[in-house]
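Trainee: Each chain is listed here by its residues.
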Amino acid sequence: MRTTRRSFLRLASTGAAVATVRLDGPPARAQAGGPVKVGVLTIRAGIAAPVGAAGLRGTEWWVDRVNRAGGILGRTVQLVVEEESNPKDTVERYRKLVLQDKVQAVLGGISTGVTLALGPVAEDLATPWLSWDGTTQKGVEETMPHPTWAFKSVDNEVEAIVAGMLTAKYFKGIKTVAGIGNDYSYGHDCWESYKAVLKKYAPDVRFVLELFPKLGVTDFTSHIAAIQQSKADLLMCSFWSGDATIIMKQATAVGLFKTMKGVFTTAGGVHDSLKKEFTPEGLLLGYNTMYFDDPKGSALLKQFVREYKARHGEYPPYECDHAYFCAESYKAAVEKAAAQSGKWPEKAAVARALEGIEVESLSGRRSWREDHVQMCAFYQGITTHRNPYDFATISPVEVVSTKVAMKPAGTKLFDWINSWKVSRG
Amino acid sequence: MSGRLVLAAALGAIVLAPLAASTYHVLLMLPFMAYAVALLGLNLLFGYTGLVSFGHALFLGIGAYTGAVLTSVCGVRSMEVILVAAGALGALVAAPVGALCVRYVKIYFGMLTLAFGMVFYTFVLKFYRLTGGDEGMPFLRPALLGWSLERMPKTDYLVGPYYYYSLAVLVLATLAMWRVVGSPFGLCLKTVRDNPTKAETLGIGVARYRWYAFVISAVYAAVGGALLGPPTGNVDPTLAYWTQSGNIVFMTLLGGFASFFGPILGAFVFIYLQDWVMSVVPFWRLVFGAILASIVIVAPGGLAGLWERRAVEREASRA
Amino acid sequence: MIQQVVGVVMSGVFHASILFLVSAGLQVVFGVQKIFNLACGSFYALGAYVGVSAVGWYAAAGGPPALFIVPLAVAGLAAGGVGLVVERGLLRFVYDRDETFQLLLTFAVVLMMEDAIRMTWGTSPRSTSGLYLVYGGVSVLGTTVPVYNLIVIGASLAIALVIGWLLTRTAFGRIIRATADNREMAEALGVDVRRVFAGVFTLGTALGTLGGALVIPATAAMSEMGIELIVEAFAVVVIGGLGSMRGAFVGALSVGILRAIAISVYPKLEMLLIYLIVIAVLVLRPRGLFGEARA
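So the sequences go chain by chain: B, C and F.
FYI, in the numbering used here the residues of the first sequence are 1 to 425.
FYI, in the numbering used here the residues of the second sequence are 1001 to 1319.
FYI, in the numbering used here the residues of the third sequence are 2001 to 2295.
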């Protein structure tokens, strides 16, 4: 009854375009030839703003490249950019992109708190959502194991797992470990996963101190004093923003790394602020999923790094490649779905085509696993000053695939780690 | 007279909006109605009692987390139970907090409320296992008046039943508040605001009345906070951060704290203006800061104040 | 054990000296103008960014690294000029209004400054490469302390002394105190309150920007660093008592050292401890340790 009356009133209302909720926007053929609208959510303010900026720059570079080459199936790509902030506002911006701007897909989503809220909304609004750096994990466990529309980033804890493996390889004989991370899920999850992995390789390692300062703190002198007192053999740090730079500087100033090894799982996100003056050689440093200076890097990566540096005066961090891959895989999925039907595909066909698709991304081949999780490789290595830059880089470069370091679909993280067969050397 | 007409027209427009406006703009009405409820309470404290709280996000947070805990931990899905529980919990927390805060006025009152708000925020963020920390907690879809509505697509649920449910709560809250401010109790509050010494001599316990106002405003804020949860589907600590408290004071001022409906107007304008400005310029905080500054300097009575001034001028020119 | 104590105390005092500068700026403004300046954190952030730029230019111009502190301090002080702009351009219009409006106006400044900083310096964290290490470190009872930290502590102490001298021993100080005590009376006695307010607000701002500039070699500038700091500065002035310089000094030391102790003894407490103390102070002794009685 109710529905009928509402539909009637809708018809009766003025000629203004009235959107019905479940409609996928105007039929695809009607706008063939016109630009294809793609939504982007990016962080503009706060501690993760540099990550957001890198993702947006990566996406814009992709758009220029694709549009120069004739667009997707002849349609140019037009971005609609909105801000990712807190979960409430971001959910509203997401709805605006889909319901108001009628985008064909949404790219972006960085913070876990936000993407946890976005996941169910994306499913409800029936539009492909390709997340740059966000998961729908609660802690380390997946909350949306079988999504239709949501495509999620690599699990948060993978770089800590990789760092745990490499710690065992490069820092043999360490007995005690101190840890510092930000006081939120990412920091805690990294620390727990790192401990579990390292325990596998070196069962008698003791974890003597854990510190979790609030995100956004800019003075760690007190924390460093506590770390020094712990007299640990190694410090594990999962900072990824300006705080990584700050702790590096303040730790070096009191000579911390003269007596302690260091593992910085994610500081490669702000790699060009890790100046040689205060970043010693011999630390384990993680660049997440793209290393700008990869000696084995493709021509595409080299071109991207060159143009990024020329345009923004910085060397690109990993978020660029998360963003590039999301955009590029969307294009590939549209083309794949269109090849079957011969016309511009419906959103549902694109989402289906995305499953398992593999494309050439900046850092190499990347794909979407069947359960909608990004598959790529992680880059970590030992810091060195032998490079033409004023900041530290890594050599040798260790490349670890998510096939090895990420829990397989449907498993629980710690069960999976405990099931490893590790040969202790 | 014209005021009542405007009110009727506004209510009519809100009732008809889901039928005529675009889905997205209808969805934006949901946070508007939730904030409007909270602001009715905030303004009992601000406009009617003369106390500006910089920590009311605390009560928004309490309301929202009450709903999240009830739906996702306790398995309680009834929105009526959630609203009552949120209000009760808001009152429970506000009773001691208010007792401490109302001993002071002006800036000291503001600072004390800010401090309590930050304690709550830090608590929610730190006690990860209990509250989910930064990831927050899911606020599952509540049942309305005993109808589970579980099968409906979420957007239909929000622009349909949940929209009218929120509207009903807002209307009830408005009527109740209208009664409160028009009652002898409301008059006492105004006396406390304008002349506390006189109020004391008249036998009105100043601190006691301030405390009443504080607790009532907290109940409203908690109910508003609970209404805020379902559209997002997730509740997180940023709801309780001090800048959020600043934002709701901003809304009150934008609409006009001296008028009963001013804060509601403020919430409406704030939300739609923010939506528009965010789409147009990346630096929307700059624009909003400038708007806030100009209101404070040029139009401290807010939009309602401007409107009343124009009405007065029109009267004058007619005479 | 001794090393432990030295480490905790030195790190706590270093943090306290920055907190002191920012809260002193807050206090001087509140003491005289009765405005609680939420934007003090934004001024601190502005000082930090201006400091990074100034040192960058200085290094590019080939200035000797050992003297970088000079352009840094000059830039920090100069950035205080923005206080004059804010006071003349915004605040002076609301002096006769309720304190709440003044507070809200400073909240508007917080919003605007955050974006203004992002528009000017972008979003990436900015830092001053290796200057922090130029002076090396000294060993204090077996614990290495960066010399730059000692310079900041010394500078902060010196500024505290200068402010104390300024307020108690000079004509300007007498005028300020008279205005703080009784504005009407001071005006009747021929004090140009307009100029005093402009001067005081600029001074308060300059303390914040100088704090930001001085801290920057040891850290990195990030756009929301001000929002974070305001909460701590707020704790300092509540503990010390609003409007009191001695209060800012003692409050900053308490917050700095308590935080350092919490981190080394029971890290989970950290800032929560500070808030609990703030509430305890507000409940038990609302005017703070050194504040004037005022209900």
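Treat the hints as calculated values from the structure; they're not laboratory data.
Fair warning: this is a prediction, and the values are worked out from it, not measured in the lab.
Hints are not guaranteed to be accurate.
[Said to hold, decoys possible] Straight-line Cα separation of at most 27 Å, DSS-like style, residue types lysine-lysine; simulated pairs:
hint: 1; chain 1: B; residue 1: K261; chain 2: F; residue 2: K2034
hint: 2; chain 1: B; residue 1: K296; chain 2: B; residue 2: K169
hint: 3; chain 1: C; residue 1: K1198; chain 2: B; residue 2: K138
hint: 4; chain 1: C; residue 1: K1126; chain 2: B; residue 2: K138
hint: 5; chain 1: B; residue 1: K102; chain 2: B; residue 2: K169
hint: 6; chain 1: C; residue 1: K1126; chain 2: B; residue 2: K412
hint: 7; chain 1: F; residue 1: K2034; chain 2: C; residue 2: K1198
hint: 8; chain 1: B; residue 1: K175; chain 2: F; residue 2: K2268
hint: 9; chain 1: B; residue 1: K421; chain 2: B; residue 2: K403
hint: 10; chain 1: B; residue 1: K261; chain 2: B; residue 2: K275
hint: 11; chain 1: B; residue 1: K195; chain 2: F; residue 2: K2268
hint: 12; chain 1: B; residue 1: K102; chain 2: B; residue 2: K275
hint: 13; chain 1: C; residue 1: K1106; chain 2: B; residue 2: K214
hint: 14; chain 1: B; residue 1: K421; chain 2: B; residue 2: K37
hint: 15; chain 1: B; residue 1: K296; chain 2: B; residue 2: K37
hint: 16; chain 1: F; residue 1: K2034; chain 2: B; residue 2: K231
hint: 17; chain 1: B; residue 1: K37; chain 2: C; residue 2: K1106
hint: 18; chain 1: C; residue 1: K1154; chain 2: B; residue 2: K102
hint: 19; chain 1: C; residue 1: K1190; chain 2: F; residue 2: K2268
hint: 20; chain 1: B; residue 1: K336; chain 2: B; residue 2: K309
hint: 21; chain 1: B; residue 1: K138; chain 2: F; residue 2: K2034
hint: 22; chain 1: C; residue 1: K1126; chain 2: F; residue 2: K2268
hint: 23; chain 1: B; residue 1: K214; chain 2: B; residue 2: K138
hint: 24; chain 1: C; residue 1: K1106; chain 2: F; residue 2: K2268
hint: 25; chain 1: B; residue 1: K275; chain 2: B; residue 2: K309
hint: 26; chain 1: C; residue 1: K1126; chain 2: B; residue 2: K195
Trainee: When the hints from earlier in the document are held up against this structure, which numbers fail?
Mentor: The structure breaks hints 1, 3, 5, 12, 13, 14, 15, 16, 17, 19, 20, 21 and 24; every other hint is satisfied.
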